[in-house]
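So the protein lines, in turn, are chains A and B.
Counting from 1, position 182 in the first sequence corresponds to residue 182 in the working numbering; the numbering is continuous, with no gaps.
Every position in the second sequence, counted from 1, becomes a number in the working numbering once 1000 is added.
One should not assume that every hint holds.
To be verified - Within a straight-line C-alpha distance of at most 27 Å, the following computed DSSO-like cross-link-like pairs (lysine-lysine) qualify:
#: 1; chain 1: A; residue 1: K162; chain 2: A; residue 2: K122
#: 2; chain 1: A; residue 1: K122; chain 2: A; residue 2: K220
#: 3; chain 1: A; residue 1: K186; chain 2: A; residue 2: K113
#: 4; chain 1: A; residue 1: K162; chain 2: B; residue 2: K1103
#: 5; chain 1: A; residue 1: K122; chain 2: A; residue 2: K186
#: 6; chain 1: B; residue 1: K1103; chain 2: A; residue 2: K113
#: 7; chain 1: A; residue 1: K113; chain 2: A; residue 2: K81
#: 8; chain 1: B; residue 1: K1185; chain 2: B; residue 2: K1103
#: 9; chain 1: A; residue 1: K186; chain 2: A; residue 2: K162
#: 10; chain 1: A; residue 1: K122; chain 2: B; residue 2: K1185
#: 11; chain 1: A; residue 1: K81; chain 2: A; residue 2: K122
#: 12; chain 1: B; residue 1: K1185; chain 2: A; residue 2: K81
What the hints assert, rightly or not - Quick list of the computed label-pair ranges, beta carbon to beta carbon:
#: 13; chain 1: A; residue 1: R19; chain 2: B; residue 2: A1105; range: 46 to 56 Å
#: 14; chain 1: B; residue 1: A1101; chain 2: A; residue 2: G71; range: 31 to 41 Å
#: 15; chain 1: A; residue 1: G71; chain 2: B; residue 2: E1166; range: 54 to 64 Å
#: 16; chain 1: B; residue 1: P1026; chain 2: A; residue 2: S45; range: 53 to 63 Å
#: 17; chain 1: A; residue 1: G115; chain 2: B; residue 2: N1136; range: 52 to 62 Å
I should point out that these hints are in silico values taken from the structure, not numbers from a laboratory.
Glycine included, C-beta positions come from ideal geometry on N, C-alpha and C.
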Amino acid sequence: MTDRPDTGASIQFSGIRKRYGSTVALDELHLDIEPGEFVSLLGPSGSGKSTTLNILAGLLAPDAGTVFIGGRDVTHLSPNKRDIAMVFQNYALYPHMSVAENLAFPLQAPGRKLGSDAIAAKVSQVAETLGISQLLQRQPREISGGQQQRVALGRAMVRDPKVFLLDEPLSNLDARLRLRMRRDLKALHQRLRSTIVYVTHDQSEAMSLSDRVAIYMGGKLQQFAPPLEIYRHPVNLFVAQFMGEREMNTLVGQVETTERGCVMVSGSLRLPLEDTATWNRLHGRQVIMGIRAEGVQIATSEEQQSTPAKVRLVEHAGAEQVFFAEAGSTEFCGRVPADAGLRAGDAIQLRLLPHELFLFDAATGLALVQSGQPVGNPA
Amino acid sequence: MTFKDLPGNLIRLLISMLIAAVALMPIVWGLLSSFKTPQDILRTVPQWLPNTFTWQNYASIFKAGTGGYIFNSVLVSGGTVAVCLALGSIAGYGLARFEFAGKRAVTVAIIAVMSIPVASLLIPTYTMMAEAGLVNTRTGLILVYSAYQLPIVIWIMATYYQTLPEELEWSALIDGYTRTQTLTKIVLPLAKPALIAATLFVLTFAWNDFVVAVTLLSSDTVRTLPIGIYNFLGFYGREWGPLLAASMVSIVPLVALFVVLQRFFVAGMTGGGVKG
Chain A
1 MTDRPDTGAS IQFSGIRKRY GSTVALDELH LDIEPGEFVS LLGPSGSGKS TTLNILAGLL
61 APDAGTVFIG GRDVTHLSPN KRDIAMVFQN YALYPHMSVA ENLAFPLQAP GRKLGSDAIA
121 AKVSQVAETL GISQLLQRQP REISGGQQQR VALGRAMVRD PKVFLLDEPL SNLDARLRLR
181 MRRDLKALHQ RLRSTIVYVT HDQSEAMSLS DRVAIYMGGK LQQFAPPLEI YRHPVNLFVA
241 QFMGEREMNT LVGQVETTER GCVMVSGSLR LPLEDTATWN RLHGRQVIMG IRAEGVQIAT
301 SEEQQSTPAK VRLVEHAGAE QVFFAEAGST EFCGRVPADA GLRAGDAIQL RLLPHELFLF
361 DAATGLALVQ SGQPVGNPA
Chain B
1001 MTFKDLPGNL IRLLISMLIA AVALMPIVWG LLSSFKTPQD ILRTVPQWLP NTFTWQNYAS
1061 IFKAGTGGYI FNSVLVSGGT VAVCLALGSI AGYGLARFEF AGKRAVTVAI IAVMSIPVAS
1121 LLIPTYTMMA EAGLVNTRTG LILVYSAYQL PIVIWIMATY YQTLPEELEW SALIDGYTRT
1181 QTLTKIVLPL AKPALIAATL FVLTFAWNDF VVAVTLLSSD TVRTLPIGIY NFLGFYGREW
1241 GPLLAASMVS IVPLVALFVV LQRFFVAGMT GGGVKG
């Protein structure tokens, strides 16, 4: 992270704890964010991601632990002294001020001794960057949601903060606009190189935007890694389920070793497994097997190890078809190209790609096999 | 509105007009009569419109010193509004936004004291003011009025603040402003409807109050308008003209203010009430 001209500040959370009454919102959070990094805090609601952000902003005080921004202990500093900017989910534009006044507001704060000319120049520069110059004289209620979003971003950008905090900034936009703003945000980050902490419950946003993703559940940080790493090597079943467009196909059962190789036994279903060496040592253990939709394919020739199944439902998704097929009493979701011409009721042979198989301990949920590789034994 | 609803709406309109007429009749009668000569007012078959239009009643009340009473009323009402808004807007903010020990007790106390009738407090209030040497002063009256009205002002303000999204204040804090600056630059401008509603509440009480003023004030130089009006009964015996003129002088400013501000008043009451 030293080869690029970072202007952002580093962030460290050290042993942060926070309770609301008897519920634990954050349990011993340790998190190190590099300068200029784009980090998403991802998790379901109530998982602790927003609490993390609010503690970083200084809107909440932690019960224990320390927060550093740019190496400086800010745990007991008020928000106005932290040199951060934040965009809220509802944008929080000041309704009694015009767009221009909203943008100028952070620059007029006491302690920032800027002349009105300098402020006006900065405001028009930011407005131009975001393409909102024509809106400067309007009131926030007179512009569209996407435009309000840009104004909120502009208000955060206007004083070149070292750290940007974004709290679900895209969730109030419609789907198409959300994709466009996602792209714009990414471009903005590449240009500004500020540190960005981005809270979201949308895994696709986290995956597409971030340098690294922090996944939360129940007040605990589960995993902090680059998106692809989390996708390919989730530390536990929750992370595996949460990351990815669709939930993983899962089935509970046991691995059995027979003379002809390994099989996953789940109820009446017996799935043959390739790569015997990977599975051998898990013989007899209660496990949860997981496989993503892209790992479920239709067998093309007889020699491939396959399982008979019946197609129940087919969804069209542009370039591909998503199908749901039943094998035994388990439903599998898979993908095929759109021209495969699959229909409900078809009898097919399912093939599970060995390098897409995951295995988790049934009791703890901890990963035993990730992307076909045993944990602690990287390829 | 569809044609089918027409009879129902007509009935509703008629009933509203009837209620308005009943409520307004004495006031309109008073207003018209304040421009009548004494003979016209006491005519045995009463007439709505004056035979001869005259300003004489108004001239006589101002000659009798009503100007001074108006001045005192403006001073006391304005002072009370200033004290109530200055304290109430800050206290309400505290209640709406901060957690502190005893918050629940404070809230309950504020609601509880609102239900105590003013008359039952007259004697203890008088004794306290006497000990403080504030009887027969306008300052004393401002303090007593403020004490009576502050709870409702705090309540109006607190419930309204709670309807404002807290992110606005967080945003201002992060933008580099202190709590106090956030209050003056963001919260108070947005709470304008509640401030206006509170102003009208306090003003109505302070401007109209008779019983507290007559208890606490004894000398003519500090008396407020309601006492002044009452005194016309004594000065002029059965002379209704000046009495009605003085009443109109007292009613008109307040009514005018309500007409101008009623839009905000309604917004303030409902805006605060929905979540409160």
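Worksheet item: Holds or violated: are the alpha carbons of A:K162 and B:K1103 at most 27 Å from each other?
Response: 38 Å, violated
Worksheet item: Given the hint that A:K186 pairs with A:K113, does the C-alpha gap stay at or below 27 Å?
Response: 31 Å, violated
Practice prompt. Return holds or violated for the Cβ distance of A:R19 and B:A1105 against the range 46 to 56 Å.
Written response: Since A:R19 and B:A1105 have Cβ atoms about 24 Å apart, the given range 46 to 56 Å is violated.
Practice prompt. Sort out whether B:K1185 lies within 27 Å of A:K122, counting only the CA atoms.
Written response: Holds: A:K122 and B:K1185 sit about 21 Å apart, inside 27 Å.
Item to complete: Evaluate the given range 53 to 63 Å for the C-beta pair formed by B:P1026 and A:S45.
Response: 60 Å, holds
Worksheet item: Holds or violated: A:K81 with A:K122, Cα cutoff 27 Å?
Response: 21 Å, holds
Worksheet item: Hey, B:K1185 versus A:K81, does the alpha-carbon distance stay inside 27 Å?
Response: Holds. B:K1185 to A:K81 sits at ~18 Å (cutoff 27 Å).
Item to complete: Could you grab the alpha-carbon distance between B:K1185 and B:K1103 and see if it respects the 27 Å cut-off?
Response: Cα-Cα ~26 Å, so holds.
Item to complete: Below or equal to 27 Å on CA atoms is what counts here, so check A:K162 against A:K122.
Response: 17 Å, holds
Discussion item. Need the status of pair A:K122, A:K186: alpha-carbon distance at most 27 Å?
Written reply: Between A:K122 and A:K186 the Cα gap is close to 22 Å, so the pair holds against 27 Å.
Worksheet item: Between A:G115 and B:N1136, does the beta-carbon spacing fit 52 to 62 Å?
Response: The hint (52 to 62 Å, Cβ to Cβ) holds, given that A:G115 and B:N1136 are roughly 55 Å apart.
Discussion item. Tell me if the straight-line CA distance from B:K1103 to A:K113 falls inside 27 Å.
Written reply: Since the Cα atoms of B:K1103 and A:K113 sit roughly 39 Å apart, the hinted pair is violated (cutoff 27 Å).
The structure is inconsistent with the numbered hints 2, 3, 4, 6, 13 and 15, although it conforms to all the rest.
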